[in-house]
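**Q** Chain order of the listed sequences is A and B. With our numbering, letter number 25 in the first sequence gets 25, and the count goes up by one each step, no holes. Numbering-wise, our numbering comes out as the position in the second sequence, counting from 1, plus 336.
Incorrect hints may have been included.
[Unchecked claim] The calculated label-pair distances, taken between Cβ atoms and stated as ranges, are:
{"hint": "1", "chain 1": "A", "residue 1": "Trp237", "chain 2": "B", "residue 2": "Phe621", "range": "52 to 58 Å"}
{"hint": "2", "chain 1": "B", "residue 1": "Met476", "chain 2": "A", "residue 2": "Trp237", "range": "32 to 38 Å"}
{"hint": "3", "chain 1": "B", "residue 1": "Ile377", "chain 2": "A", "residue 2": "Trp237", "range": "18 to 24 Å"}
{"hint": "4", "chain 1": "A", "residue 1": "Ile328", "chain 2": "B", "residue 2": "Leu616", "range": "40 to 46 Å"}
{"hint": "5", "chain 1": "B", "residue 1": "Thr496", "chain 2": "A", "residue 2": "Trp237", "range": "56 to 62 Å"}
{"hint": "6", "chain 1": "A", "residue 1": "Ala51", "chain 2": "B", "residue 2": "Val382", "range": "45 to 51 Å"}
{"hint": "7", "chain 1": "B", "residue 1": "Pro598", "chain 2": "A", "residue 2": "Phe179", "range": "37 to 43 Å"}
{"hint": "8", "chain 1": "B", "residue 1": "Leu616", "chain 2": "A", "residue 2": "Leu65", "range": "32 to 38 Å"}
[Unchecked claim] Taking lysine-lysine and the BS3-like style, the derived pairs with C-alpha atoms no more than 27 Å apart in a straight line are:
{"hint": "9", "chain 1": "B", "residue 1": "Lys462", "chain 2": "A", "residue 2": "Lys136"}
{"hint": "10", "chain 1": "B", "residue 1": "Lys462", "chain 2": "A", "residue 2": "Lys36"}
{"hint": "11", "chain 1": "A", "residue 1": "Lys136", "chain 2": "A", "residue 2": "Lys238"}
{"hint": "12", "chain 1": "A", "residue 1": "Lys136", "chain 2": "A", "residue 2": "Lys191"}
If you're looking for bench data, these hints aren't it; they were derived computationally from the structure. The beta carbon of each residue, even a glycine, is placed where N, CA and C say it ideally should be.
Spelled out from the first residue to the last, the chains are:
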Amino acid sequence: MATRHDTAALPVKGGAAPGRPPAGSSADKDERRRAKLSRRWQRDARWSPYAFVSPFFLLFAAFGLFPLLYTGWASLHQVELTAPTDMNWVGLRNYTRIFDDDFFWNAAQNTLTIGIISTVPQLMMAMGIAHILNYKLRGSTFYRVAMLAPYATSIAAATLVFVLLYGRDYGMINWALDFVGVDPIAWQDDKWAGQFAVSTIIIWRWTGYNALIYLAAMQAIPQDLYESAALDGASRWKQFIHVTLPSLRPTILFTVVVSTIGASQVFGEPLLFDPNKSASGGGEHQFQTLGLYLYEQGWVNQHLGRASAIAWTMFAILIVIGIINHVISRRLRASS
Amino acid sequence: MTTTVTPPETPPAKQKRSRLPKSARAGGTLHGGPIAYAILIVFTLVSLFPLIWTAIAASRDNQRLAQTPPPFWFGSNLFKNLEIAWTDANLGEAFLNTTIVAGVSAVTIVVLSTVAGFAFAKLRFKGRNALMLLVIGTMMIPPQLSIIPLYMMVAKLDWTDQLQAVIFPSLVSAFGVFFMRQYLLQALPDEVIEAARVDGAGSWRVVWHVVFPAARPAMAVLGMLMFVQAWNDFLWPFLVLTQTGNPTVQVAVAGLGRGFTPDQSLIMAGALLGTLPLLLVFAIFGKQIVGGIMQGAVKG
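Next comes chain B alone, as it looks inside the complex (with noise of 0.2 Å):
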């Protein structure tokens, strides 16, 4: 059925002779043509391509990769290239690290976010509307540039190889105060805050049984959010942790490239590996992932 529907760019004369607004719409009811089934499978194709190249690099072997043409199609040393890189990039000890950093970072930013998006959304006081702006102004200063404070704070504290160096900075997100103030503003309705106070709950109590369990699915979308962007985060833990000293997966990955005389096919599974945990959580939650971007923009 889609694809005997009209294509994305109709001749507009073709248009003029139906003259029925349904099949001239651009908006979301309209059917997409075999042009646009193509155009999105090239891109997804783009996409999906490098991943898969990742992977088919990793089953072969340095040797095959300094040759022309390059591999098309899987070879049989996959499974020995990850067992070496895991060994040699010391991925095992990463994935671990990372997964704390990650957790305890996703965990802390929804949590803390949630109670001030919902005290930006319902709550009235003094000063609110100027902390939003401030908040909304911080979302614009990337992190990198307060780097060098940081590390200097991290060298006199000697945290140096430390996860903590890497945990307490990643602890905040303006983007997630904003995120959930937004899915509070229209999910959270004022009534049932006041039916909450009229049974007699304070403030934090209408926080832990009104508030979190209305902003569940938005804890859950942003928690990933932060869970990928701290699993990916590259500049700052490559700054203040190193290969051989509780490296993060990135950490490590890098390490492996930055090495000399690289074998690239280690490299490949190294990336692969580390890649794998994020692709495997966007094949399963990809649906709600998408949603939660897509809803975060809106209202943006």
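If we strip away everything but chain A, and leave its shape as in the complex, we get (with noise of 0.2 Å):
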């Protein structure tokens, strides 16, 4: 990531004014007024950059970071949704009580085993279909495009589409199943399955775009590479293993992270898979996660304060998650 470009070469210090001329023979107003714009050019090479970064980091600053702390502080609090800007201090008791609270827990488990169950296969999918479109394919633009499709379906659309499928009388996969002998499942009703069920939202509409950033990887790698391993018999499943895998992990790391992140957040997937339309992930909670919990809390039990604690927690695990990257990217930088 360092920056080799940094090289803009202002001429800042020598406070040469553009387009000066080489000849220097002139009157003294002229020189005045050359030093005044040199002074003008150095104000600007020197604080133009911050203007140009200053209105990211503003609104970043007033929509991102302020809510963010500010989420700590109300998690210090009882808020009533009725009444947002009416707090009471109550210390950690926000805290104290949805770590006592079961179904925190249920949730959290959940978002962990739809985390596992959505990003392990989504991820080894996209690295084979990668490693295919990496092929040399007649229409291979057109595969791109259409497995791109699913990443331009919102999570509404999908979920919607996916409920029908997922039908227990009537979908069309208890139907194909029926074929193999598999009694009707009820996806909405069932622990493991709903979790499964809304795993796959998440992974038909992502694999298709990991797939791409694996291929865009895949063909940064050096072509030699490949052929002195070649040279050395290695067959083309060796190759993938030590030449293709090697290279791609920091790219690998790098969707791990944003697919855990994408994870730890899940919401509309089982909000809207629910048969109840309640926030409750289910009948019994059984494919509630983390962000429909926090949901449920805040807006629907109305205790913005307890919903600012689940948000603060979720925000603890990050940072945890961050901490165990960064550990584990600074190892493989210094094994290469």
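Reassemble the complex: the two chains are provided individually, in unrelated frames, and hints are given to aid placement.
**A** Okay, structure coming up:
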């Protein structure tokens, strides 16, 4: 990530005005005008970068950082949805309340299992597809665009279709499973079936996108690595294991981190997959995620303070993941 | 020609015999075999099938969807259902609203990201690396964690059911800054900037006359990605907008699905309408979007 292009070579220190003619035998007035220009030039060079980056940081501070920090403050208060500006200090009680709530641990566990079921197969399939797309193919653009179609589909639209496809009585998936002798599965009621179904929606939406990211990284691998491996008699499979995968390590780490963050936030899919249209993630909370639990506490039970405590707990989890990621990537860099 | 060459899983024995690096390379110069095509076609079908079936279900009626086997071909109710869904879900207003939100969000993000990305890529200033690390760090924080104070703000400002409640939080993207920086690092030669400076151009003129023209392809791709993201955003609009007051498309479609005693064919019609515009964009600009995603990825 180091920037080696930072030698934009602005003539800051020298004070040489732009367009300064080589000969200096000019009148005093002219000289002063140049000095003034030069000073304006220096000011411009020094301050304009800050002017360029400040809109981003100002907006981010207002709508990202400040709310994130304020969530921590709100998590120490009792705040009701109906009067969001009325805050009563309660210390850590919101945290003890949610840690005492079985549904919190249930949601945490569901988030973890849905995260694993959705992320691991997704990234493995994406890797396989990328590997195939890396061959010379006819109509490769068509495949690439077609597999992005799920990415263009919103969570809402995708989940509503999958609710129908996963219908217990008339859904196409149970109809197809019937052919291989499987009894109808109650996807929306059963715990593991429900989590699996919710995960497939996520997998469907993101596999193609991740495949493109892997493909891009694969195309950046220098050809001579493969050539020398082939000369050493390495089979295609061995080349994939010993050349492709190691070269892709940073990209894999990147996608794992992004998918993990995404998985920790899953909300729309379980909300809309619920047959009772509630925020409980199924009648038995069987596929309620942390994101959905946060929504239920804040907007259904109207405890914004408790919802804030959940948000900050999720934030803490993400920080831990970030630290782990940092350690792993440092070790990767050290080993290579 | 492609069907006659070796399949991807060439047996090692065959490779040893040929010993030609070209035929044994797994890189981009090798032709895919029938197995590769078969896998790709299956994967493409799986990707497209739910969308096609959305259209099939939208062309039937509720009774037909409650029968086995499920329908596999189009019925005759498509336009009738689309029309009812359009009025029932308030989709006309929703489309207008979403276009405004996604348009304002995408344009603002693109402009701000290009300017900031230019500063990070090409200008020297104190604290640059630290600020860039901050940008990358913010990419890792999901915006969902900030929704509670934002909701309080919206309530306090009385912005519930108003589009600005959705627009303002969507105006920044750390990914955008990162994306533009990566692009400008390699697409904008330092000499061009220097030449403009020698001609007496100040920083703002450099941005307008040099950076924007050079960044145009990346700006277009980023704009499309951000438009898609804003168009499909669900949680936040769902919290601050209601189905009857200025819904976005996602809020309207979800509202259709969350209605009680629902008519499934109507829900599918709504889902189809909400998805079609983006599918059209992808059908037209698919190549550019694919290129943009891949370009953003390599440098990531």
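**Q** Looking at the structure, which of the earlier hints fail to hold?
**A** Those not satisfied are hints 1, 7, 9 and 12.
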